[in-house]
Amino acid sequence: MYTDKVMDHFSNPRNVGEIKDADGVGEVGNPVCGDMMSFYIKVEDDRIVDVKFKTFGCVAAISVSSMVSEMAMGKTLQEVKSITNKAVAEALDGLPKEKMHCSNLGAEALSKAIEDYERRSGKVKNDG
Amino acid sequence: MKFVKDIPADETLDLVCRMCPMHLLEPGDRLKCMKKGQVLEVLTDYDGALEDIPAWCRKCGQDFIGIEEDEECYKLYIKKAK
Amino acid sequence: MNRAYLDHASATPVRKQVIDAMLPYFDLHFGNPSTVYDMGSKVKMVIEEQRAKVAGLIGAKAEDIIFTSSGAEANNLAIKGVALGRQKKGKHIIVSAIEHHSVLNSARFLERLDFEVTFLPVDQFGIVDPERLRSAITPDTILASIGHASNEIGTLQRTAELGSICREKGVVFHTDAVASVGNVRTDVNELNVDLLSLSGSSLGAPKGIGALYFRENIRLMPLIHGGIQENGRRAGTENVPGIVGLGTAAEFALEELPEKTEYVRKLRDLLIAGIRERVDKAKLTGHPEQRLPGHASFCFEAIEGESLIFLLTQGGIYANTGSACASKALKTSPVLVAIGVPPDLAQGSVVFTIDKSNTFEEIGYVLEKLPPAVNRLRMMSPLWGREALAYTEAVCT
Numbered sequence: 001m002y003t004d005k006v007m008d009h010f011s012n013p014r015n016v017g018e019i020k021d022a023d024g025v026g027e028v029g030n031p032v033c034g035d036m037m038s039f040y041i042k043v044e045d046d047r048i049v050d051v052k053f054k055t056f057g058c059v060a061a062i063s064v065s066s067m068v069s070e071m072a073m074g075k076t077l078q079e080v081k082s083i084t085n086k087a088v089a090e091a092l093d094g095l096p097k098e099k100m101h102c103s104n105l106g107a108e109a110l111s112k113a114i115e116d117y118e119r120r121s122g123k124v125k126n127d128g
Numbered sequence: 001m002k003f004v005k006d007i008p009a010d011e012t013l014d015l016v017c018r019m020c021p022m023h024l025l026e027p028g029d030r031l032k033c034m035k036k037g038q039v040l041e042v043l044t045d046y047d048g049a050l051e052d053i054p055a056w057c058r059k060c061g062q063d064f065i066g067i068e069e070d071e072e073c074y075k076l077y078i079k080k081a082k
Numbered sequence: 001m002n003r004a005y006l007d008h009a010s011a012t013p014v015r016k017q018v019i020d021a022m023l024p025y026f027d028l029h030f031g032n033p034s035t036v037y038d039m040g041s042k043v044k045m046v047i048e049e050q051r052a053k054v055a056g057l058i059g060a061k062a063e064d065i066i067f068t069s070s071g072a073e074a075n076n077l078a079i080k081g082v083a084l085g086r087q088k089k090g091k092h093i094i095v096s097a098i099e100h101h102s103v104l105n106s107a108r109f110l111e112r113l114d115f116e117v118t119f120l121p122v123d124q125f126g127i128v129d130p131e132r133l134r135s136a137i138t139p140d141t142i143l144a145s146i147g148h149a150s151n152e153i154g155t156l157q158r159t160a161e162l163g164s165i166c167r168e169k170g171v172v173f174h175t176d177a178v179a180s181v182g183n184v185r186t187d188v189n190e191l192n193v194d195l196l197s198l199s200g201s202s203l204g205a206p207k208g209i210g211a212l213y214f215r216e217n218i219r220l221m222p223l224i225h226g227g228i229q230e231n232g233r234r235a236g237t238e239n240v241p242g243i244v245g246l247g248t249a250a251e252f253a254l255e256e257l258p259e260k261t262e263y264v265r266k267l268r269d270l271l272i273a274g275i276r277e278r279v280d281k282a283k284l285t286g287h288p289e290q291r292l293p294g295h296a297s298f299c300f301e302a303i304e305g306e307s308l309i310f311l312l313t314q315g316g317i318y319a320n321t322g323s324a325c326a327s328k329a330l331k332t333s334p335v336l337v338a339i340g341v342p343p344d345l346a347q348g349s350v351v352f353t354i355d356k357s358n359t360f361e362e363i364g365y366v367l368e369k370l371p372p373a374v375n376r377l378r379m380m381s382p383l384w385g386r387e388a389l390a391y392t393e394a395v396c397t
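Residue numbers (the numbering used here), protein chains in the order written: chain A, 1 to 128; chain B, 1 to 82; chain C, 1 to 397.
Accuracy of the hints is not assured; some may be wrong.
Claimed, not checked - Covered stretches of chain A, as calculated for chain C (at least 3 residues, CB under 8 Å): (1) 80-94; (2) 108-114.
To be verified - Part of the chain A face toward chain C, derived, beta carbon under 7 Å: (3) V28; (4) V32; (5) M36; (6) S38; (7) G74; (8) G122.
To be verified - The calculated BS3-like cross-link candidates involving lysine-lysine, where the alpha carbons are at most 30 Å apart (straight line), are: (9) C/K89 <-> B/K2; (10) C/K356 <-> A/K52; (11) C/K61 <-> B/K80; (12) C/K44 <-> A/K54; (13) A/K86 <-> C/K331; (14) C/K88 <-> B/K2; (15) C/K61 <-> A/K20; (16) A/K54 <-> C/K88; (17) C/K88 <-> C/K61; (18) C/K61 <-> B/K75; (19) B/K32 <-> C/K281; (20) C/K169 <-> C/K91.
If you're looking for bench data, these hints aren't it; they were derived computationally from the structure.
All values reported here derive from a predicted model rather than from experimental measurement.
Don't be surprised by glycine CBs; every beta carbon is placed ideally from N, CA and C.
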């Protein structure tokens, strides 16, 4: 069902945890639906210097979160914003089609963390 | 087609919902276990039985008594002749 | 590596004696049972012998058994066959909310043919209250179908009482006994059932064979039309090796039942007690006592079932899950919803089904590996340690 890359990220997830004084936090999903991801980022000079996640979800959800965190680490916000769910799935050598929505969630959670950072740092006008 | 009413039967064979050719196979099996002169009542919802069963009776030497139409199904009466 | 296969409800190995009994029917006695010459008629006789063995397992007469391709087909034949056969008498059908998909979807299909279906709610343990059934029956009711036991939560129904009520009211009563045959005593007369479905794969027979018991004189509309196999009730050239496998397995099941029941119950109770002791916030689903002797099902808070299953398989432990992700439909298990398990907790569902081939050592191994696996997922989970999120609780009247 799952590729070796997916199983590797599931068995050895990178960057699990929380950042207490995170610069941005993004949470998506809903345990009622079966997947929930929380991403925490630390930003310096527009670059992600630390990223952590916590995920409630299936093998795909956990491995997507891990891959997204790996892809985001050390990148500029601009680079991270252009990470697509397709790119995440490809990086994992593919996901079963009924699990593709997990890759959407991963990219979305990270986006939300960045949005949160930008809102907090006043970089984006808060449209309430 | 010979229509009858209120024929007393010694045994009833319910073949409602059963598909062709069960209406020709099962009466024969049941009649084997019955005595000569006894009457078998066959219940069927299959239109084809109305012609098939009398024809079968003629072929096998059994007495076909007649048909009664019920609200749920047809009732065909066979008297064991041999 | 240590191994513990605890998913016998999904699939269980076919024993050598069953395979040996089947083999000659592939290449030696390969005749079609419908042919007129002796190669066929001899095989036909063997089929009838197997029919009697299956009947013997459930206290039925051989002529009241129809061989099918599966338990699902048997359920389809029971529900649709009876509904279509009795529709002149009425068009109301009752099923429980926790039936297998093959029963529920057959009933939903009949709704499209203008049948009315009542889905009976269950209590927090999954039990159908017989009085609830009684009050749901109307003069238009022709069929009720309530499974003998649930493969998902293990609960055993008060089937004999339910059957008795149906008999009193002239309603045909079907039970899906796929989960129970071979695991507990299932006698069609004791249970007061008019139809009963069973599956080979739960009995140690091969997959792809099942059977439907029907009490004589029940009008059953065939679903598969064609030749006169199965006395005109289910056409199609018979799966002879499968039938031989089913009959042989049924004989073993009958003989071994008392001993098996006692043994697996001990393993189950050990597993349940061990999990309750070692894993925090673990909810046993289904009835604590009135359950299949080898069935242990839990929902673990704050984690998701598929992930737990994969972690367990990495340690050589095989179990099942009812969580939404694992089910390709991505829907929360309707059974867990029906018993009032909150949808987020329902995600953390794991089902262990034990057979007589399992050992105390294997249970010990599971109790060793399960708690750290649950903890690992909880450490990763944003929900662990948080206040319970607001959710809509399933209505369980």
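To see whether the hints hold, each was checked on the structure:
{"no.": "1", "hint": "80-94", "result": "violated (count 0)"}
{"no.": "2", "hint": "108-114", "result": "violated (count 0)"}
{"no.": "3", "hint": "V28", "result": "violated (11 Å)"}
{"no.": "4", "hint": "V32", "result": "holds (4 Å)"}
{"no.": "5", "hint": "M36", "result": "holds (6 Å)"}
{"no.": "6", "hint": "S38", "result": "holds (4 Å)"}
{"no.": "7", "hint": "G74", "result": "violated (22 Å)"}
{"no.": "8", "hint": "G122", "result": "violated (27 Å)"}
{"no.": "9", "hint": "C/K89 <-> B/K2", "result": "holds (28 Å)"}
{"no.": "10", "hint": "C/K356 <-> A/K52", "result": "violated (45 Å)"}
{"no.": "11", "hint": "C/K61 <-> B/K80", "result": "holds (27 Å)"}
{"no.": "12", "hint": "C/K44 <-> A/K54", "result": "violated (62 Å)"}
{"no.": "13", "hint": "A/K86 <-> C/K331", "result": "holds (24 Å)"}
{"no.": "14", "hint": "C/K88 <-> B/K2", "result": "holds (26 Å)"}
{"no.": "15", "hint": "C/K61 <-> A/K20", "result": "violated (70 Å)"}
{"no.": "16", "hint": "A/K54 <-> C/K88", "result": "violated (59 Å)"}
{"no.": "17", "hint": "C/K88 <-> C/K61", "result": "holds (28 Å)"}
{"no.": "18", "hint": "C/K61 <-> B/K75", "result": "holds (27 Å)"}
{"no.": "19", "hint": "B/K32 <-> C/K281", "result": "violated (68 Å)"}
{"no.": "20", "hint": "C/K169 <-> C/K91", "result": "holds (15 Å)"}
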